[in-house]
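With the working numbering as the guide, the letters of the sequence shown map in order to residues 1217 to 1327.
These aren't lab readings, by the way, just hints derived from the structure by calculation. Warning: the hint list may mix true and false statements.
Stated by the list, open to error - Using C-beta positions, here's what the derived DEER-type ranges look like:
1. Ala1266 - Lys1244: 25 to 33 Å
2. Pro1220 - Lys1306: 32 to 40 Å
3. Ile1325 - Ala1224: 16 to 24 Å
Keep in mind the model is a prediction, meaning the values are calculated, not measured. Every residue gets a Cβ at the ideal spot worked out from N, C-alpha and C, and that includes glycine.
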Amino acid sequence: MIWPIIVAIAMGFAVAFQPITNALAAGKVGLGPLFVASNAFVLLVSVAYALWFSDRAGWSALPSLRLDLLLGGGLYGCVIIFGGVYIFPKLGASVAVALIVLSLSLIHISE
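Kindly produce the complete structure, drawing on both the sequences and the hints.
Written as structure tokens, this is what we have:
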């Protein structure tokens, strides 16, 4: 039961540090090359995961999935990456994180 807790904490750290790391890297190489390199790495890890857990992968269900559900996660990821790279240098980490937490709070209040 300890592994889900460790993974959840690691996810929290990743969410906190990803925009800062991306903003610093994009400042040095530009957003385009960073986006291509980051997505290539994510694709590589995704393929490895799909092959490792191939017995759980529902490949046959993909064509029947609604397009918004199929592509929604990727779209949200793009907003997170581009938004983080854009807002962290402009607003600073404290204000950016505060606004992100505020938006998360508003979503949970509306449920």
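Status of each hint after checking the structure:
1. Ala1266 - Lys1244: 25 to 33 Å: Since the Cβ atoms of Ala1266 and Lys1244 sit about 32 Å apart, the hinted range of 25 to 33 Å holds.
2. Pro1220 - Lys1306: 32 to 40 Å: 36 Å Cβ-Cβ, so the 32 to 40 Å window holds.
3. Ile1325 - Ala1224: 16 to 24 Å: For Ile1325 and Ala1224 the Cβ distance comes to about 22 Å; the hint holds.
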